[in-house]
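Asks: Residue numbers (this note's numbering), protein chains in the order written: chain A, 1 to 108; chain B, 1 to 175; chain C, 1 to 409.
Simulated from the structure, these hints should not be mistaken for lab results. Among the hints, a few may not be true.
Label pairs and their in silico Cβ distance ranges [to be verified]:
{"id": "1", "chain 1": "C", "residue 1": "R120", "chain 2": "B", "residue 2": "R167", "range": "53 to 59 Å"}
{"id": "2", "chain 1": "A", "residue 1": "V73", "chain 2": "B", "residue 2": "F90", "range": "31 to 37 Å"}
{"id": "3", "chain 1": "A", "residue 1": "N65", "chain 2": "B", "residue 2": "N25", "range": "37 to 43 Å"}
{"id": "4", "chain 1": "B", "residue 1": "N25", "chain 2": "C", "residue 2": "L404", "range": "52 to 58 Å"}
{"id": "5", "chain 1": "A", "residue 1": "V73", "chain 2": "B", "residue 2": "I102", "range": "48 to 54 Å"}
{"id": "6", "chain 1": "B", "residue 1": "R167", "chain 2": "C", "residue 2": "P373", "range": "31 to 37 Å"}
{"id": "7", "chain 1": "A", "residue 1": "N65", "chain 2": "B", "residue 2": "L93", "range": "36 to 42 Å"}
{"id": "8", "chain 1": "C", "residue 1": "M267", "chain 2": "B", "residue 2": "L93", "range": "47 to 53 Å"}
{"id": "9", "chain 1": "A", "residue 1": "F103", "chain 2": "C", "residue 2": "K63", "range": "37 to 43 Å"}
In silico DSS-like pairs for lysine-lysine, Cα to Cα no more than 30 Å straight-line [stated by the list, open to error]:
{"id": "10", "chain 1": "B", "residue 1": "K20", "chain 2": "A", "residue 2": "K34"}
{"id": "11", "chain 1": "A", "residue 1": "K34", "chain 2": "C", "residue 2": "K14"}
{"id": "12", "chain 1": "A", "residue 1": "K96", "chain 2": "C", "residue 2": "K74"}
{"id": "13", "chain 1": "A", "residue 1": "K93", "chain 2": "C", "residue 2": "K156"}
{"id": "14", "chain 1": "C", "residue 1": "K201", "chain 2": "B", "residue 2": "K20"}
{"id": "15", "chain 1": "C", "residue 1": "K63", "chain 2": "C", "residue 2": "K156"}
{"id": "16", "chain 1": "C", "residue 1": "K386", "chain 2": "C", "residue 2": "K14"}
{"id": "17", "chain 1": "A", "residue 1": "K93", "chain 2": "C", "residue 2": "K386"}
{"id": "18", "chain 1": "B", "residue 1": "K143", "chain 2": "B", "residue 2": "K20"}
{"id": "19", "chain 1": "B", "residue 1": "K112", "chain 2": "A", "residue 2": "K96"}
{"id": "20", "chain 1": "A", "residue 1": "K93", "chain 2": "C", "residue 2": "K63"}
{"id": "21", "chain 1": "A", "residue 1": "K96", "chain 2": "B", "residue 2": "K95"}
{"id": "22", "chain 1": "A", "residue 1": "K96", "chain 2": "A", "residue 2": "K34"}
{"id": "23", "chain 1": "A", "residue 1": "K94", "chain 2": "C", "residue 2": "K156"}
{"id": "24", "chain 1": "C", "residue 1": "K341", "chain 2": "C", "residue 2": "K357"}
{"id": "25", "chain 1": "B", "residue 1": "K20", "chain 2": "C", "residue 2": "K63"}
{"id": "26", "chain 1": "A", "residue 1": "K96", "chain 2": "C", "residue 2": "K156"}
{"id": "27", "chain 1": "A", "residue 1": "K94", "chain 2": "C", "residue 2": "K74"}
{"id": "28", "chain 1": "C", "residue 1": "K357", "chain 2": "A", "residue 2": "K34"}
{"id": "29", "chain 1": "B", "residue 1": "K95", "chain 2": "A", "residue 2": "K34"}
{"id": "30", "chain 1": "A", "residue 1": "K93", "chain 2": "B", "residue 2": "K20"}
A short, non-exhaustive set of chain A residues, derived as facing chain B with CB atoms under 8 Å [claimed, not checked]:
{"id": "31", "residue": "V70"}
{"id": "32", "residue": "T75"}
{"id": "33", "residue": "Q105"}
C-beta: ideal position from N, C-alpha, C; glycine also.
Residues per chain are reported as follows:
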Amino acid sequence: MPISGVLLDVGINHYLVLSALLFTMGMIGVLMRKNVIVILMSIELMLNAVNLTFITFSTYNANLNGQIMVFFVMTIAAAEAGVGLALAVAIYKKFKEVNIRFFEQLRG
Amino acid sequence: MMSAIFFYILATLILVFAYKTITANNPIHCALYLAITMINLAFLFFGLNAPFIGGVQLVVYAGAVMVLFVMVLMLFDLKSEIRAFSRGLFSGLLKIASAGLIFGILSNAIFKTGDLLGLASGGPGMPDPAGTSRDLAIMLFTKYLFAFEALGLLLLLVAVGAVAVSRIKGGTHAN
Amino acid sequence: MGSDIFEVGVNFGKMVLIFVMMVQIVPLLVWVERRGSAFIQNRFGPNRVGPLGLTQLLADAVKFIFKEDFLPEKSHRLVFYAAPIMALIPAALAFAAIPLSMPIEITQFEMLGSIWGPYRFVFQGYEIGIGIVFVLGVSSLAAYSLLMAGWASSNKYSLYGALRASAQTISYELALGLSLVGILLLFNTFNFQEIIVLQDKALAFSFFGQEVSLGWLPNWGVFYQPLGAIIFFAAMFAECNRLPFDLPEAEAELVAGYHTEYGGLKMNMFYIGEYGHMLVASALMVTFYFGGYSLGPWLTEETVNGLSQWIVESISPTIVYLMDIPFPESFAAIFEASQNKVNILTAFVFHGVFLGKVLIFLWLFVHVRWTLPRFRYDQLMDLGWKTMLPWALANTILTAIVVLVMRMN
């Protein structure tokens, strides 16, 4: 009795709506928050919502391409988080500031 | 019936913690709530017959990326923010309205095209969950080999870049 | 979860039992650790309370439970209370996914006036197709409990301990994952059950088209992957924060690291998490490299089956005879001999084998802790990144080449 596959007979629309809600929440986070790291986290939330959509379609269509795509999205998300955090740390070390508004003043 | 109950429990948890992520005042609480969201999503993937992706989600997102976020935030030692959200009533309303518009478009698209796919209620699903990781590997190393190698290169560049950025001294802002 | 109420009930009961087993092994391990350290250091250890000091644990438990439950000023209440609970979750989830013995086949039987269909119960919390990835993923969550505990305490030493701990956990996870790739290449599967079944025979492999077989050795992973086994075991020490790698709680430098501010039952939960992690580490080591619950050619399933058949057939009539008078007919049927009981007994014999192997590794954990001194932090990072990671990579590449050549014919 492997535990995978226990959620299949719910219907595809449920998953898609859940994913749309998650995406919207991530978008609100990106638009409304000030802290640059929280904005990065909201972007991760949006990427996760997209991953959920890919997995849903992949499962309901019995097509593995979606899972490969999720694999790539995860790798790119990890890379993006690494660079983003390194930049945030560099700026914080210099200016003690994480407000996204402050970043507009950086020149050069 | 059982699967509906499981799905609604997981979906409620995901939505509640995602909401907490974007509204919590303390950035560390945000990061921890986001980690819980991602763990729940991983279990949703297990239930969706994609166990390998679920495991990778646990290892990469919950185990590495979010730990990195939490560590960086702890190093910053930020206090709770008094104003976590950006200013401006009008622009705030505009932002929420645009997000609502996106959600409306998405859900409209979902419900309009659900019948077109012909699998709206309990589609065929994956034939063999145990075999999927093998098939996944075969696809990854044959059809998507170039993309895979490109990603490897990207990760190398990112590693070098992250080290370079975090060691920056001087520059135009040197004081 | 199951097709009818009996199967669902058994599966849920199994999960609870496995969690209780993980929690209850902790006092035993604490006793072994204290007596073992005393033995190694040539002193007595706890020997006043009860025979051999065994009830010392009970006294400790009472003390832990009745201590004052305090909260440091300026700590973050929610995170502070959540951290000890978070410490239990990864170990419990990982332990429940490891098979502790062979699956039990139950044929049809009659109970409470109805027929209950044939079942197949796995001897583990839940069977999961991609066991290795799942266990790696779940145990990578252990970093959160340390980080949460250290940060929420609002204490410099705690924060240092937490940062050290999480950096160490993340660094050693790489070597840990890479050392398992060799096992994946050899056995071609993610599933624990299949890995164990593949190891349950005499050592035999084909080498350039020639069949090599050593009948007196079992087909264990350690004979193919000695380097991988060593790297895995060392990385597991780091993951458990046990002594050569216990920088996070180095008491001479950091008071007690991330759990400085914890006391009473919350402290106890951190202990349970640590020992649970040790249990998971030993169980994984046994599963990957030492044949799991099987003993290869030394103790085959037929032997055990015959033995349990004999035991069930010779004991059951006695019990039925003894129980004759006071019990109703339906209850006496429980004690009659049947194939189901033979299967259950066989599974429990192999479970005993598994526990024996796990206990050997647990003793190794204790022995190493009281033998080796602690690393310096830079030595720790050097060992992780500059020694174990390259060796694990070399092991992976070498295994891949050898497997490719040997399967080419």
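Asks: Each hint needs a verdict: does it hold in this structure or not?
Replies: Here's how the hints hold up against the structure:
Hint check: R120 (chain C) to R167 (chain B), Cβ distance near 57 Å, so the stated range 53 to 59 Å holds. Remark: the range hint 31 to 37 Å for V73 (chain A) to F90 (chain B) is upheld by a beta-carbon distance near 35 Å. At about 41 Å, the CB distance of N65 (chain A) to N25 (chain B) agrees with the hint of 37 to 43 Å. For the pair N25 (chain B) and L404 (chain C), the beta carbons lie near 55 Å from each other, so the given range of 52 to 58 Å is met.
Look at V73 (chain A) against I102 (chain B): about 19 Å separates their beta carbons, and that is not inside 48 to 54 Å. Taken as a hint, the range 31 to 37 Å holds for the pair R167 (chain B) and P373 (chain C), whose Cβ atoms sit roughly 33 Å apart. With their beta carbons about 40 Å apart, N65 (chain A) and L93 (chain B) fall inside the hinted range of 36 to 42 Å. Distance hint for M267 (chain C) and L93 (chain B): a CB-CB separation of about 49 Å, consistent with the stated range 47 to 53 Å.
Evaluation of the 37 to 43 Å hint for F103 (chain A) and K63 (chain C) yields a failure: the beta carbon distance comes to about 53 Å. The hinted pair formed by K20 (chain B) and K34 (chain A) meets the criterion: a straight-line CA distance of about 16 Å does not exceed 30 Å. Under the criterion of a C-alpha separation no larger than 30 Å, the hint pairing K34 (chain A) with K14 (chain C) is inconsistent with the structure, at around 48 Å. Between K96 (chain A) and K74 (chain C) the alpha-carbon distance is near 23 Å, which keeps this suggested pair within the 30 Å criterion.
The hinted pair formed by K93 (chain A) and K156 (chain C) meets the criterion: a straight-line CA distance of about 19 Å does not exceed 30 Å. Of the supplied pair hints, the one linking K201 (chain C) and K20 (chain B) is violated, its CA atoms being roughly 53 Å apart against a limit of 30 Å. Annotation: proposed proximity of K63 (chain C) to K156 (chain C) holds, straight-line Cα distance about 28 Å (limit 30 Å). For the proposed pair K386 (chain C) and K14 (chain C), the alpha carbon gap of about 43 Å is over 30 Å, so the pair is violated.
Using a Cα cut-off of 30 Å, the hinted pair K93 (chain A) and K386 (chain C) holds, with the two alpha carbons roughly 28 Å apart. Between K143 (chain B) and K20 (chain B) the CA atoms are separated by roughly 40 Å; this puts the pair beyond 30 Å, and the hint is violated. Proposed proximity of K112 (chain B) and K96 (chain A) is contradicted: the alpha carbons are some 49 Å apart, above 30 Å. Simply put, K93 (chain A) and K63 (chain C) have alpha-carbon atoms about 46 Å apart, too far for the 30 Å limit, and the pair is violated.
As the CA atoms of K96 (chain A) and K95 (chain B) are separated by approximately 28 Å, the hinted pair is consistent with the 30 Å bound. Among the hinted pairs, K96 (chain A) with K34 (chain A) is consistent with the structure: their alpha-carbon atoms are about 15 Å apart, no more than 30 Å. Of the pairs offered as hints, the one joining K94 (chain A) and K156 (chain C) holds, with about 23 Å between alpha carbons and a cut-off of 30 Å not exceeded. Proposed proximity of K341 (chain C) and K357 (chain C) is supported: the alpha carbons are some 25 Å apart, at most 30 Å.
Under the criterion of a C-alpha separation no larger than 30 Å, the hint pairing K20 (chain B) with K63 (chain C) is inconsistent with the structure, at around 37 Å. A distance of roughly 20 Å separates the Cα atoms of K96 (chain A) and K156 (chain C); the hinted pair therefore holds under the 30 Å criterion. Restraint check: the Cα-Cα separation between K94 (chain A) and K74 (chain C) comes to about 28 Å, which is no more than 30 Å; the hinted pair holds. Our distance criterion of 30 Å between C-alpha atoms is broken by K357 (chain C) and K34 (chain A), whose separation comes to about 55 Å.
The straight-line distance between the Cα atoms of K95 (chain B) and K34 (chain A) is roughly 14 Å, inside the 30 Å bound, and the hint therefore holds. A distance of roughly 28 Å separates the Cα atoms of K93 (chain A) and K20 (chain B); the hinted pair therefore holds under the 30 Å criterion. Taking 8 Å as the C-beta contact cut-off toward chain B, the hint placing V70 (chain A) at the interface holds, the least distance being around 5 Å. Taken as an interface hint, T75 (chain A) checks out: its beta carbon lies about 5 Å from the nearest beta carbon of chain B, inside 8 Å.
Here the hint on Q105 (chain A) is broken, as its CB sits about 10 Å from the closest CB of chain B, past 8 Å.
The structure shown violates the earlier hints numbered 5, 9, 11, 14, 16, 18, 19, 20, 25, 28, 33.
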